[in-house]
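Colleague: From just these sequences and the hints, can you work out the full model?
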Amino acid sequence: MKLENKSLVPADKDTTWALVMDIPRAASCIPGVKEVTPDGEGGYQATLQARIGPMGMNLSGKITIVSQDAEVGEAVFLVEANDRRVGGGVKTDMTMRLTAQSATETELEIISDTTFMGRLGELGQPLIRRKARNTLEEFGKNLVKLLES
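Per numbering that gives the first Met the number 0, the sequence shown starts with residue 0, numbered consecutively.
A few of these clues could be false.
[To be verified] Under the rule of at most 25 Å between Cα atoms (straight-line distance), these lysine-lysine pairs were calculated in the BS3-like manner:
hint, residue 1, residue 2
1, Lys33, Lys144
2, Lys130, Lys90
3, Lys144, Lys5
4, Lys33, Lys130
5, Lys130, Lys5
6, Lys144, Lys90
7, Lys140, Lys130
8, Lys61, Lys1
9, Lys144, Lys130
10, Lys33, Lys140
11, Lys1, Lys130
12, Lys140, Lys61
13, Lys90, Lys5
[Claimed, not checked] Label pairs and their calculated CB-CB ranges:
hint, residue 1, residue 2, range
14, Lys5, Arg118, 27 to 35 Å
15, Gly55, Lys144, 19 to 27 Å
16, Arg50, Thr114, 28 to 36 Å
17, Asp21, Gln48, 19 to 27 Å
18, Gly117, Val71, 31 to 39 Å
19, Gly31, Gly86, 16 to 24 Å
20, Arg118, Ala69, 19 to 27 Å
21, Gly41, Thr14, 22 to 30 Å
22, Thr36, Ala102, 31 to 39 Å
23, Ala102, Arg129, 34 to 42 Å
24, Asp13, Arg118, 39 to 47 Å
25, Gln67, Glu104, 37 to 45 Å
Hints listed in this document are in silico derivations from the structure and should not be mistaken for laboratory results.
Bear in mind that the values here come from a model prediction, so they are computed numbers and not experimental data.
Ideal Cβ placement from N, Cα and C applies to all residues, glycine included.
Modeller: See the structure below:
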(Lines of atoms letter the chains of each structure in order from A; the text may use other names.)
(Lines give C-alpha, C1' and ligand atoms only; values in the text may rest on other atoms or scores of the structure.)
Protein backbone atom coordinates (compact mmCIF):
# COMPACT_ATOMS: atom_id res chain seq x y z
CA MET A 0 0.00 0.00 0.00
CA LYS A 1 1.48 3.32 -1.08
CA LEU A 2 0.66 6.59 0.65
CA GLU A 3 1.85 10.16 0.27
CA ASN A 4 1.31 12.99 2.73
CA LYS A 5 2.46 16.61 2.71
CA SER A 6 2.48 19.04 5.64
CA LEU A 7 3.60 22.63 5.95
CA VAL A 8 5.87 23.02 8.97
CA PRO A 9 6.33 26.48 10.57
CA ALA A 10 10.14 26.34 10.75
CA ASP A 11 13.14 26.68 8.47
CA LYS A 12 14.49 23.59 6.71
CA ASP A 13 17.48 23.10 9.06
CA THR A 14 15.33 23.27 12.20
CA THR A 15 12.79 20.87 10.69
CA TRP A 16 15.56 18.47 9.63
CA ALA A 17 17.06 18.44 13.12
CA LEU A 18 13.67 17.60 14.60
CA VAL A 19 12.64 14.83 12.21
CA MET A 20 16.07 13.18 12.40
CA ASP A 21 15.84 13.11 16.21
CA ILE A 22 13.96 9.83 15.85
CA PRO A 23 12.73 9.42 19.46
CA ARG A 24 11.49 13.04 19.57
CA ALA A 25 9.85 12.91 16.12
CA ALA A 26 8.30 9.51 16.88
CA SER A 27 6.56 11.04 19.89
CA CYS A 28 4.38 12.86 17.32
CA ILE A 29 3.04 9.57 15.92
CA PRO A 30 -0.21 8.51 17.60
CA GLY A 31 0.20 5.25 19.50
CA VAL A 32 4.00 5.23 19.77
CA LYS A 33 4.88 4.09 23.28
CA GLU A 34 8.64 3.74 23.20
CA VAL A 35 11.58 4.44 20.89
CA THR A 36 15.11 3.61 22.00
CA PRO A 37 18.45 3.47 20.15
CA ASP A 38 19.58 -0.11 19.55
CA GLY A 39 23.29 0.66 19.20
CA GLU A 40 23.42 -0.45 15.57
CA GLY A 41 22.31 2.83 13.96
CA GLY A 42 18.67 1.95 14.33
CA TYR A 43 15.92 2.21 16.91
CA GLN A 44 13.66 -0.27 18.64
CA ALA A 45 10.06 0.94 18.76
CA THR A 46 6.67 -0.06 20.14
CA LEU A 47 3.35 1.11 18.72
CA GLN A 48 -0.17 0.46 19.98
CA ALA A 49 -2.89 0.85 17.37
CA ARG A 50 -6.45 -0.17 16.67
CA ILE A 51 -7.60 -0.97 13.16
CA GLY A 52 -11.29 -1.69 13.09
CA PRO A 53 -12.03 -4.34 15.71
CA MET A 54 -8.40 -5.40 16.13
CA GLY A 55 -6.02 -3.90 18.69
CA MET A 56 -2.31 -4.36 18.06
CA ASN A 57 1.00 -3.95 19.86
CA LEU A 58 3.62 -3.73 17.14
CA SER A 59 7.25 -4.08 18.18
CA GLY A 60 10.07 -3.65 15.74
CA LYS A 61 12.93 -1.68 14.34
CA ILE A 62 13.37 1.66 12.56
CA THR A 63 16.50 1.77 10.40
CA ILE A 64 17.84 4.91 8.74
CA VAL A 65 18.83 3.58 5.31
CA SER A 66 20.20 6.89 4.01
CA GLN A 67 20.14 10.57 4.87
CA ASP A 68 21.28 13.76 3.15
CA ALA A 69 20.74 16.94 5.17
CA GLU A 70 21.83 19.17 2.30
CA VAL A 71 19.21 17.75 -0.06
CA GLY A 72 16.72 17.28 2.78
CA GLU A 73 15.92 13.63 2.15
CA ALA A 74 16.05 10.55 4.34
CA VAL A 75 15.03 6.95 3.68
CA PHE A 76 13.85 4.63 6.46
CA LEU A 77 12.96 0.96 6.78
CA VAL A 78 10.39 0.09 9.43
CA GLU A 79 9.75 -3.56 10.31
CA ALA A 80 7.40 -4.59 13.12
CA ASN A 81 5.39 -7.59 14.29
CA ASP A 82 2.56 -8.33 16.66
CA ARG A 83 3.01 -11.83 18.04
CA ARG A 84 -0.45 -12.01 19.58
CA VAL A 85 -2.24 -11.06 16.35
CA GLY A 86 0.16 -13.04 14.17
CA GLY A 87 1.08 -10.42 11.63
CA GLY A 88 3.48 -7.66 10.81
CA VAL A 89 4.36 -4.70 8.64
CA LYS A 90 7.30 -3.70 6.52
CA THR A 91 7.45 -0.08 5.37
CA ASP A 92 9.88 1.67 3.06
CA MET A 93 9.53 5.36 3.83
CA THR A 94 11.07 8.42 2.19
CA MET A 95 10.94 11.80 3.84
CA ARG A 96 11.66 14.98 1.86
CA LEU A 97 11.98 18.54 3.12
CA THR A 98 11.58 21.50 0.77
CA ALA A 99 12.07 25.08 1.98
CA GLN A 100 9.00 27.15 1.12
CA SER A 101 10.31 30.34 2.76
CA ALA A 102 12.72 31.34 5.52
CA THR A 103 10.13 30.24 8.09
CA GLU A 104 8.23 27.39 6.41
CA THR A 105 9.20 23.95 5.16
CA GLU A 106 7.14 21.39 3.28
CA LEU A 107 7.45 17.91 4.77
CA GLU A 108 6.59 15.14 2.32
CA ILE A 109 6.34 11.53 3.47
CA ILE A 110 6.06 8.73 0.91
CA SER A 111 5.52 5.24 2.28
CA ASP A 112 5.13 1.82 0.75
CA THR A 113 3.85 -0.70 3.29
CA THR A 114 3.40 -4.45 3.06
CA PHE A 115 1.09 -6.11 5.58
CA MET A 116 1.75 -9.73 6.50
CA GLY A 117 -0.32 -12.37 8.26
CA ARG A 118 -3.64 -11.41 9.84
CA LEU A 119 -2.95 -7.71 9.37
CA GLY A 120 -3.09 -8.24 5.62
CA GLU A 121 -6.53 -9.80 5.99
CA LEU A 122 -8.13 -6.68 7.49
CA GLY A 123 -8.91 -5.06 4.17
CA GLN A 124 -7.07 -2.30 2.36
CA PRO A 125 -9.70 0.46 2.75
CA LEU A 126 -9.67 0.14 6.55
CA ILE A 127 -5.88 0.03 6.75
CA ARG A 128 -5.45 2.86 4.22
CA ARG A 129 -7.75 5.16 6.21
CA LYS A 130 -5.93 4.40 9.49
CA ALA A 131 -2.51 4.95 7.89
CA ARG A 132 -3.58 8.22 6.25
CA ASN A 133 -5.05 9.49 9.53
CA THR A 134 -1.86 8.56 11.38
CA LEU A 135 0.32 10.46 8.86
CA GLU A 136 -1.95 13.50 9.10
CA GLU A 137 -1.82 13.42 12.92
CA PHE A 138 1.98 13.11 12.79
CA GLY A 139 2.17 16.29 10.68
CA LYS A 140 -0.16 18.21 13.03
CA ASN A 141 1.71 17.03 16.14
CA LEU A 142 5.07 17.96 14.58
CA VAL A 143 3.76 21.48 13.96
CA LYS A 144 2.59 21.73 17.60
CA LEU A 145 6.00 20.52 18.83
CA LEU A 146 7.81 23.17 16.78
CA GLU A 147 5.44 25.92 17.96
CA SER A 148 5.97 25.11 21.63
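Colleague: Could you run down the list of hints and mark each one as holding or not?
Modeller: To see whether the hints hold, each was checked on the structure:
| no. | hint | in the structure |
| --- | --- | --- |
| 1 | Lys33 to Lys144 | holds, 19 Å |
| 2 | Lys130 to Lys90 | holds, 16 Å |
| 3 | Lys144 to Lys5 | holds, 16 Å |
| 4 | Lys33 to Lys130 | holds, 18 Å |
| 5 | Lys130 to Lys5 | holds, 16 Å |
| 6 | Lys144 to Lys90 | violated, 28 Å |
| 7 | Lys140 to Lys130 | holds, 15 Å |
| 8 | Lys61 to Lys1 | holds, 20 Å |
| 9 | Lys144 to Lys130 | holds, 21 Å |
| 10 | Lys33 to Lys140 | holds, 18 Å |
| 11 | Lys1 to Lys130 | holds, 13 Å |
| 12 | Lys140 to Lys61 | holds, 24 Å |
| 13 | Lys90 to Lys5 | holds, 21 Å |
| 14 | Lys5 to Arg118: 27 to 35 Å | holds, 31 Å |
| 15 | Gly55 to Lys144: 19 to 27 Å | holds, 26 Å |
| 16 | Arg50 to Thr114: 28 to 36 Å | violated, 20 Å |
| 17 | Asp21 to Gln48: 19 to 27 Å | holds, 22 Å |
| 18 | Gly117 to Val71: 31 to 39 Å | holds, 36 Å |
| 19 | Gly31 to Gly86: 16 to 24 Å | holds, 19 Å |
| 20 | Arg118 to Ala69: 19 to 27 Å | violated, 39 Å |
| 21 | Gly41 to Thr14: 22 to 30 Å | holds, 23 Å |
| 22 | Thr36 to Ala102: 31 to 39 Å | holds, 35 Å |
| 23 | Ala102 to Arg129: 34 to 42 Å | holds, 36 Å |
| 24 | Asp13 to Arg118: 39 to 47 Å | holds, 42 Å |
| 25 | Gln67 to Glu104: 37 to 45 Å | violated, 22 Å |
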